[in-house]
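Colleague: Please model the entire structure based on the sequences and the hints provided.
Line order of the protein sequences matches chains A and B.
For the first sequence, position 121 matches number 121 in full-length UniProt numbering, and the numbering has no gaps at all.
For the second sequence, position 136 matches number 136 in full-length UniProt numbering, and the numbering has no gaps at all.
Because the hints were derived from the structure by calculation, they are not lab data.
Computed beta-carbon distance windows for the label pairs:
#1 B:Glu365 / A:Val113: 52 to 60 Å
#2 B:Pro14 / A:Val113: 26 to 34 Å
#3 A:Ala51 / B:Leu169: 52 to 60 Å
#4 A:Arg95 / B:Asp109: 48 to 56 Å
#5 A:Ile176 / B:Asp109: 45 to 53 Å
#6 B:Asp22 / A:Gln188: 34 to 42 Å
#7 A:Phe288 / B:Lys108: 28 to 36 Å
#8 B:Asp326 / A:Gln188: 45 to 53 Å
#9 A:Ile284 / B:Ser178: 58 to 66 Å
#10 B:Arg113 / A:Asn233: 47 to 55 Å
#11 B:Thr218 / A:Ile176: 54 to 62 Å
#12 A:Ala51 / B:Asp109: 52 to 60 Å
Which stretches of chain A does chain B cover? Using the computed rule of at least three CB atoms under 8 Å from a CB of chain B, they are:
#13 191 to 198
#14 201 to 207
Quick list of in silico lysine-lysine cross-link-like pairs, DSSO-like style, CA-CA up to 30 Å:
#15 B:Lys120 / A:Lys210
#16 B:Lys131 / A:Lys217
#17 B:Lys74 / A:Lys217
Computed from a predicted structure; not experimentally measured.
Each residue gets a CB set at the ideal place from its N, CA and C atoms; glycine is no exception.
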Amino acid sequence: MEGQKLLNGYQTGQQTRRQGAVMFGPGRKIINSLLHLLKMAVLLLASLVTAFPFVWMIISALKTKAEIMDVSAFLPETAQWQNFSEVLFESPMVRYIGNSLFVSVCTVAIQVVTGAMIAYAIVFMRFRGRKMLFAVIMATYMLPTAATYVPSYIILSNWNLLNTYTGLIISNAVSIFGIFLLRQAFMQVPAGLVEAAKIDGANAWKILWKIVTPMTKSSFITFGLMSFISSYNNYMWPSLITDSPEMSLVSQGLRRYFIEGGAYGTEWPKVMAGSTIIVVPLLILFMFTQKWFINGIGGDTGMKG
Amino acid sequence: MASLSLKHINKTYPNGFEAVKDFNLEIEDKEFIIFVGPSGCGKSTTLRMIAGLEEITSGELKIGDKVVNDVEPKDRDIAMVFQNYALYPHMTVYDNMAFGLKLRKVPKDEIDRMVKEAAKILDLESLLDRKPKALSGGQRQRVAMGRAIVRNPKVFLMDEPLSNLDAKLRGQMRIEISKLHQRLGTTIIYVTHDQTEAMTLGTRIVVMSAGIVQQVDTPQVLYDTPCNLFVAGFIGSPQMNFLDATCKVNGNKVALEVGGAAIELPPAKAKKLIEGGYDGKTVVLGIRPEDVHDEPMFIASSPNTVIESKIRVYEMLGAEVYLYFDYAGASMTARVDPRTTARTGDTVKFAFDAEKIHVFDKETECTITN
Numbered sequence: 001m002e003g004q005k006l007l008n009g010y011q012t013g014q015q016t017r018r019q020g021a022v023m024f025g026p027g028r029k030i031i032n033s034l035l036h037l038l039k040m041a042v043l044l045l046a047s048l049v050t051a052f053p054f055v056w057m058i059i060s061a062l063k064t065k066a067e068i069m070d071v072s073a074f075l076p077e078t079a080q081w082q083n084f085s086e087v088l089f090e091s092p093m094v095r096y097i098g099n100s101l102f103v104s105v106c107t108v109a110i111q112v113v114t115g116a117m118i119a120y121a122i123v124f125m126r127f128r129g130r131k132m133l134f135a136v137i138m139a140t141y142m143l144p145t146a147a148t149y150v151p152s153y154i155i156l157s158n159w160n161l162l163n164t165y166t167g168l169i170i171s172n173a174v175s176i177f178g179i180f181l182l183r184q185a186f187m188q189v190p191a192g193l194v195e196a197a198k199i200d201g202a203n204a205w206k207i208l209w210k211i212v213t214p215m216t217k218s219s220f221i222t223f224g225l226m227s228f229i230s231s232y233n234n235y236m237w238p239s240l241i242t243d244s245p246e247m248s249l250v251s252q253g254l255r256r257y258f259i260e261g262g263a264y265g266t267e268w269p270k271v272m273a274g275s276t277i278i279v280v281p282l283l284i285l286f287m288f289t290q291k292w293f294i295n296g297i298g299g300d301t302g303m304k305g
Numbered sequence: 001m002a003s004l005s006l007k008h009i010n011k012t013y014p015n016g017f018e019a020v021k022d023f024n025l026e027i028e029d030k031e032f033i034i035f036v037g038p039s040g041c042g043k044s045t046t047l048r049m050i051a052g053l054e055e056i057t058s059g060e061l062k063i064g065d066k067v068v069n070d071v072e073p074k075d076r077d078i079a080m081v082f083q084n085y086a087l088y089p090h091m092t093v094y095d096n097m098a099f100g101l102k103l104r105k106v107p108k109d110e111i112d113r114m115v116k117e118a119a120k121i122l123d124l125e126s127l128l129d130r131k132p133k134a135l136s137g138g139q140r141q142r143v144a145m146g147r148a149i150v151r152n153p154k155v156f157l158m159d160e161p162l163s164n165l166d167a168k169l170r171g172q173m174r175i176e177i178s179k180l181h182q183r184l185g186t187t188i189i190y191v192t193h194d195q196t197e198a199m200t201l202g203t204r205i206v207v208m209s210a211g212i213v214q215q216v217d218t219p220q221v222l223y224d225t226p227c228n229l230f231v232a233g234f235i236g237s238p239q240m241n242f243l244d245a246t247c248k249v250n251g252n253k254v255a256l257e258v259g260g261a262a263i264e265l266p267p268a269k270a271k272k273l274i275e276g277g278y279d280g281k282t283v284v285l286g287i288r289p290e291d292v293h294d295e296p297m298f299i300a301s302s303p304n305t306v307i308e309s310k311i312r313v314y315e316m317l318g319a320e321v322y323l324y325f326d327y328a329g330a331s332m333t334a335r336v337d338p339r340t341t342a343r344t345g346d347t348v349k350f351a352f353d354a355e356k357i358h359v360f361d362k363e364t365e366c367t368i369t370n
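Modeller: So this is what it looks like as structure tokens:
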């Protein structure tokens, strides 16, 4: 049976080689070029579909109210730059962005520290129930987020943390995705390095931050960036635990100011200008971390040589 | 610098596998001890227990006068060189060597002095700013050594440090390690499966098999008087020849009958077989390749130990020749003078050096004559 399989494989290989021989030469070149063109066309189309909402958002931010409703013209007659200045200086948008940046930076910092510590324990420490602990952590990942809202709300309420920055931050202190991502990265670090550091005199804390972290830098940056984006864009949970306008994050603020304010349907250019402004911090962050972000996704742990 | 004491050390893994069984050893200060044995014999596990990287299931481990069974690796004052060097890839050579000192809060200028001194000893001065990935295998190995010596520890532990190097570099580094031991005068415990390293470096060798210590002694004693078949076969290259023989006692003379020949033993060895009551029993005759001679003069002077066989393979190594042949169902090797006229296919007479014959009990595999 196994021999027959091998034989079949051999025959298939032979056939492929024969077909290859037929397709060799100018014919093959044309097919390769066409395939390349097709790939490019698919990628271009995908890029357009992805980029179009952003382009539309920016162009709409430069239109008047009337122009937005007029579907016959894609571009504005005159760019309405004052939409941006009005949003920046005559609305609490800057405050909302500040709130979001503060909460996101704190959340990321705490998630990175907790995630790294748990991942280190799971990968490098030997203790009873280690595998079970990881299984339980991963099981909580399967839990729908909405199912945690009520108990989390009650806990924050009991601790008097509703409507506070602390409540917003500590309710996201641990990221299961982060633990999983860092665990995968830590598993690529040779155990010998950790042992060498132990003998050199390092304790677990030093090994984590002086040896393991620098070697898995790209995974940390990837996790940090993803966590920041998720925290910055968070809408549902902050809406449940905060109600004062001073505590609003960008997503809530945008809705509160432009939609709840009774101007529904009339201030679309400002909604678009506000949306454009709140995306800017994310774009800047992505610009600086792009290299690491892609490396991290690809699983590069910086282990070379 | 310190002595070590290992008493009744055992290591059993949670799955029940016994990696080390009742290991006992006293290591003197400044000794160069080699743990040698085949893969999976427990030598690395023992070293890792000394380092504190493996828990000791039972027994007592002392470094100096202190029992260190439950002491963290960082508090044992040891340094270890790993098989794959374990250099920190994100640090320069300087930082790799300085890392342990920084953790011990040694003043900066002192660290600088110590790292540069170690770098000078190991000829690493020009490489201090490089990262490990920009170094060759030999250089990485020297950095790993540097990281160990810079801390001036009580005990050096080395886990097959030369096994990733090519043969030439391995030879050079062997000499370097030997010089380093003489220079630093530190206790070194060195794990290897390469018996050339074991024989050339060690002041004493611990031969291990299946988690059990087989014999502990100086290289020369191990080579000349192995205590059992395993040690006899493991130490020496090419390995000792073994033949199953029948012991025949005639008065105070003993002959070992094998393949139609009767090999007569010298009186001292014969006495031990007579006293052991081996008459008529099957024993194992062991003879090292260099003690199997094909020179006519030797054969003429040793008529009682002569055998005859056809040469299967002739191997010329320049300074010596290996002749491979079969005798009494066993493959044998003779290490002879390169001027020998014997060639593949020739039927040749060989004589054993009777004084160098080893006899082992077939059942227990222990030596009878040593």
